[in-house]
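Residues per chain are reported as follows:
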Amino acid sequence: MSWLWIGVIGATVVAFVQKWLGYQVPPAVLEKPRIARVTALLPVALLGALVATQAVADGQHLTADARLPALAVAALLLALRAPFLAVVIAAAVVAAVCRALGWG
Amino acid sequence: MRKHETTDSRPGAGTPLAVSAARRKGLSVGIATGLYGISFGALATASGLDVCQTMVLTAIMFTGGSQFAFVGVIGGGGSALGAALAAILLGIRNTLYGLVLAPVLPRGGAKGAARSLLTIDESAAVAATTEDPVAKRAGFWAAGLAVYVFWNLFSLVGALIGQSVGDPSAWGLDAAAAAAFLGLLWPRLVSRDIVAVAVAAAFIALITTPVLPAGLPVLAAALVAVLVGLLPRRPRTEPGTGGTASAGTDADGADDARIAAEQEDRA
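Just so you know, the sequences run in chain order P and R.
For the first sequence, the positions run 1 to 104 when the UniProt record's numbering is used.
For the second sequence, the positions run 1 to 267 when the UniProt record's numbering is used.
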C-alpha cells in the first residue's frame with residue numbers, strides 16, 4: 001500500500017472520529033449555563049466567519065470581486081424578507097453577470 | 001414564514017411550515033455546495049490522487065475543507081502525512097458542530113453513524129437557523145443528505161472529466177454559497193449582542209485569513225463565541241439585550257422564547 005493510500009485512509013478515519021466525538025459529550029455538561037451560552041453563540045460566530053471568508057477570501061488572499069455585489073444584493077433581499085432560495089439564486093446571477101461582463 | 005421557525009420551542013412541536021422551510025433550505029444549500037464537487041474531483045486527480053482515492057475522501061471523509069486541504073498539500077508537493085495533518089486540523093470544527101447538535105439528534109445505531117458522517121458546515125448551519133427541534137432535525141438531514149448525494153456525484157464527475165467542465169465560479173456558485181451562509185445567519189441576528197458576535201467573528205476570520213491555512217480562520221473565529229460565552233455576565237441589563245443577559249441561568253428554552261419574542265417584535 002502506498003504512502004498516499006495510508007494518508008487517505010488515516011485522515012479519513014480521524015475525520016470521522018472528529019465528527020463522532022462532538023456527540024459523545026454528556027448532556028449534563030452541555031446544560032451548564034456557560035457551556036450552553038457558548039454552544040448557542042457558536043453557530044452565529046461560525047456563520048459570521050463563513051460569510052466573510054466565502055465572500056472575500058481566495059485561498060489565503062483577500063480579494064474584492066463579483067462576490068461582493070452579489071452579497072450586497074443578498075443582504076438587501078434578506079432585509080426585504082425574500083425567500084431563502086430566491087436570495088441564493090439572485091446572488092449567483094449577480095456574480096455570474098458581473099463575471100460575464102468581465103469584472104471580478 | 002421565518003417567524004414560524006422560532007415561535008414554538010417545545011420538544012417535538014415541529015410546525016409543518018418550519019419543517020418544510022428547513023427542508024427547502026437544506027436542499028438548496030445541498031445543490032449549491034454539491035456542484036462544487038466538480039472542482040474537488042478535478043483538483044484531486046490533477047494533484048495525483050486516483051479516482052478511487054478521491055472518492056474515499058469524498059464518501060467517507062466527507063468534509064469539503066479537509067478534502068481540499070488534503071489534495072492541496074499533495075498537489076503542492078507535500079507528503080501524505082502533511083496532507084493528513086492539514087485535513088485533521090480543519091476537521092476540528094466538525095467536533096464543535098456535534099457539540100451543538102447533540103441534544104436534537106438521535107444517538108447510537110445506524111442513524112448515529114449517519115449523523116456523524118453528515119456533520120459538516122452546511123448541515124450544522126441549516127440546523128442552526130431554527131430553534132424548533134423537529135425542524136432542526138429536518139434541516140440537518142435534508143442539508144446533510146443533499147450535500148452528500150450531490151457532492152459525491154459531482155466529485156466523481158470532476159474526477160473523471162474535471163479538466164474540461166470549467167470553473168464553477170463562472171456560474172456564480174461561490175457567491176451563492178456566501179449568500180446562503182448569510183441567509184442562514186440572518187434570522188439569528190435578533191439582538192445587538194448577537195450581531196456583535198457575528199461581526200467580531202467575521203473580522204477575526206478576515207484578519208487571520210492571510211496567516212492561517214484556508215479553513216482555520218473559521219476555527220479562530222469560533223473562539224469569539226467561546227470567549228463571549230464564558231465571560232461573566234454583566235450585572236446590569238441593557239434594553240434589548242435582556243434575554244442574552246439572563247441566559248446565564250436558563251437552558252435553551254428561555255433563550256428560544258426570547259428569540260421568538262424579538263422576532264415577533266420585528267415582524
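Quick caveat, the hints were computed from the structure, so don't treat them as lab data.
It is possible that some hints are incorrect.
As the list claims (entries may be wrong) - In silico contact screen, one side only, chain P against chain R (beta carbon under 7 Å); selected entries:
#1 20
#2 63
#3 82
#4 84
#5 86
#6 102
#7 103
#8 104
Said to hold, decoys possible - Beyond 12 Å from chain P on every Cβ pair, some chain R residues (computed):
#9 53
#10 74
#11 157
#12 189
#13 206
Heads up, the beta-carbon is just placed ideally off N, CA and C, and yes, glycines get one too.
Okay, the hints, checked on the actual structure:
no., hint, in the structure
1, 20, "holds, 4 Å"
2, 63, "violated, 10 Å"
3, 82, "violated, 9 Å"
4, 84, "holds, 5 Å"
5, 86, "violated, 10 Å"
6, 102, "violated, 12 Å"
7, 103, "violated, 13 Å"
8, 104, "violated, 9 Å"
9, 53, "violated, 5 Å"
10, 74, "violated, 7 Å"
11, 157, "holds, 19 Å"
12, 189, "violated, 8 Å"
13, 206, "violated, 5 Å"
Taken one by one, the earlier hints fail for this structure at numbers 2, 3, 5, 6, 7, 8, 9, 10, 12, 13, listed in ascending order.
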